[in-house]
Amino acid sequence: MFPGMSPSAIEIDRLTKRYGRKLAVDALTLEVPTGSIFGLLGNNGAGKTSTIRMLVGHLYPTSGAVRLLGTDLHSAGESDRRRIAYLSDRMRIPGWMDPRAAIAMNQSLSPRWDAPLAERLMDRFRLRRAGRFSRLSLGERRKVLLLVTLCQGAELLILDEPTLGLDVESRHVFLECLLEFACQGDRTVLLSSHLLSDVERVVDRVAMLRDGRLVTQGVLEDLKEGIRKLHFPAPVSRDELSVHFKILSYDGTQPRQTVATVSDFTDDKLQRLVGGLPQTGELRTQRFNLEDIFVALMNSVGD
Amino acid sequence: MNFVLWRYDARRAVSIWTSCLAVVSALALLIDGPLTDNDLTWIWQFAGLGAGTLIAWRMFADTGGTQAYVFSRGFSRSQLFWNRWILGMSLVAVLVFWMWLILAGGLRSGWRQWAGFGDAGLYPLIAPYEAIIVPTFAATAWGSFAVTTLLVVLRGIQRPGRVVGGRGTLGWWMLDVPLCVAASVAVVGLLTETTLGPGWMITAWAAVSAPLTTLAAWHGYRHLEVSA
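Chains as they are written, first to last, in the numbering used here: chain A, 1 to 303; chain B, 1 to 228.
Since the hints were made in silico from the structure, they are not lab data.
Be careful, since some hints might not be right.
As the list claims (entries may be wrong) - Estimated spans, in silico, between C-beta atoms of each pair: (1) Gly118(B) / Arg135(A): 43 to 53 angstroms; (2) Arg112(A) / Leu21(B): 37 to 47 angstroms; (3) Ser90(B) / Asp222(A): 51 to 61 angstroms.
Being a predicted model, the structure only gives us computed values, none of them experimental.
Ideal Cβ placement from N, Cα and C applies to all residues, glycine included.
Hey, can you work out the whole structure from these sequences and the hints?
Following this line, the structure appears as structure tokens:
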């Protein structure tokens with residue numbers, strides 16, 4: 001981080017959003033450190049998009065506060081707003097524009113426009129400069145939106161389902177660009193996507209939402225380290241397990257095997273648990289990828 | 001002013017504005033003369049109403065995905081509102097000026113004489129006096145522009161179950177309507193002491209209501225939720 005910079009690019013404090021009786025976001029408190037690529041994950045209706053739209057000032061919170069790069073975007077001026085670039089899956093460039101006009105418009109609005117990157121992305125995305133948006137395919141429209149978002153020279157990128165409709169090759173190009181962007185040190189990315197394999201490739205931190213509430217947040221590698229699936233070659237009761245770990249799922253129905261997914265995993269805790277069990281065979285521990293972790297946490301007991 | 005945004009909005013409005021220009025031109029050239037403040041006033045009121053409504057709707061009613069795009073380009077709400085308001089009002093002003101040019105500037109006069117209409121003998125003598133209908137057209141156009149702006153904004157902030165700066169904005173709106181009515185009644189009352197016709201009354205009403213309605217719309221626009 002550079003001297004004088006805020007340690008958090010995004011600060012969310014007890015953010016709540018109600019749509020009538022429906023509680024979309026429930027007292028969410030979260031911090032996104034400057035310089036990180038942060039994944040905001042959740043099932044449909046979990047409150048990700050509402051949260052993001054409140055972050056960028058498109059929705060008003062029912063209560064709570066949000067600060068982006070140290071400022072409240074609702075009252076921010078032009079220069080502060082231009083430090084933030086936002087792309088959502090529902091965003092559309094007007095149908096009468098063509099890519100050339102859209103790029104020119106964004107270039108003239110962005111004092112720190114990255115022209116070399118724009119040229120590079122034009123080539124790598126194989127974008128046509130002419131042709132009205134109304135006649136372009138979904139993927140081509142998304143590519144132009146990605147280009148104008150990435151090239152704004154913003155300090156904070158907020159991306160809601162950015163790869164929707166993109167082909168595999170373009171997704172790879174986009175993910176490379178995200179990594180390059182974040183490698184500049186003072187740049188931060190908040191990324192929300194259901195494509196968890198993509199998310200896992202680029203993020204260093206994640207937060208997971210369910211029903212508008214925060215389920216977990218932290219460094220991705222710590223999460224991966226802390227959540228394991230344990231295969232015991234013997235019956236192990238839920239009580240015995242819960243002494244050492246937080247149990248996310250438990251299957252003790254097999255006579256000679258117990259399978260459980262646990263969080264707070266450490267080798268020490270496992271050794272202590274195993275020390276008290278009869279030795280009947282090999283104990284296996286299975287590491288999870290992000291998708292497995294997500295499913296385990298979303299389906300975990302105690303909900 | 002932001003000229004990038006101005007260019008963008010002008011491009012969006014150009015087809016509707018051109019259509020309004022064509023209709024206004026046709027009306028101004030084809031309706032039989034002499035045009036007075038009392039005869040056929042409703043035509044100019046409707047023309048003004050249509051032009052103001054359409055231009056305001058084009059300026060301020062973004063579709064969901066496009067609205068999200070424009071609102072994410074780094075503009076503040078006030079900047080977006082006043083850019084669009086000034087551009088819309090300017091487009092209406094050009095229409096008004098064009099109409100005045102046709103009536104008082106000799107286009108209508110020349111056209112009706114050249115084409116040999118029944119009233120051709122009256123021209124060019126009455127040409128300058130026919131411009132009396134321009135204020136009626138201008139007032140209804142600017143007035144309906146202001147009212148439509150407010151209605152578009154209200155539509156954006158009053159979605160079911162979504163109270164969006166709601167009470168404040170509704171307060172403005174509730175204050176706005178009786179103020180407009182009271183002020184216009186007072187002005188019209190003053191004017192009816194004179195011999196001025198209904199065109200001037202609508203002009204007075206619009207002149208009073210447009211600024212108040214615009215302020216209410218601006219207040220609402222700052223609390224607008226982007227729909228996508």
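These are the hints, each one checked on the structure:
Between glycine 118(B) and arginine 135(A), the C-beta spacing of about 50 angstroms keeps the proposed range 43 to 53 angstroms intact. The hint said 37 to 47 angstroms for the Cβ distance between arginine 112(A) and leucine 21(B), and at roughly 40 angstroms that hint holds. The hinted window of 51 to 61 angstroms between serine 90(B) and aspartate 222(A) holds, with their beta carbons roughly 58 angstroms apart.
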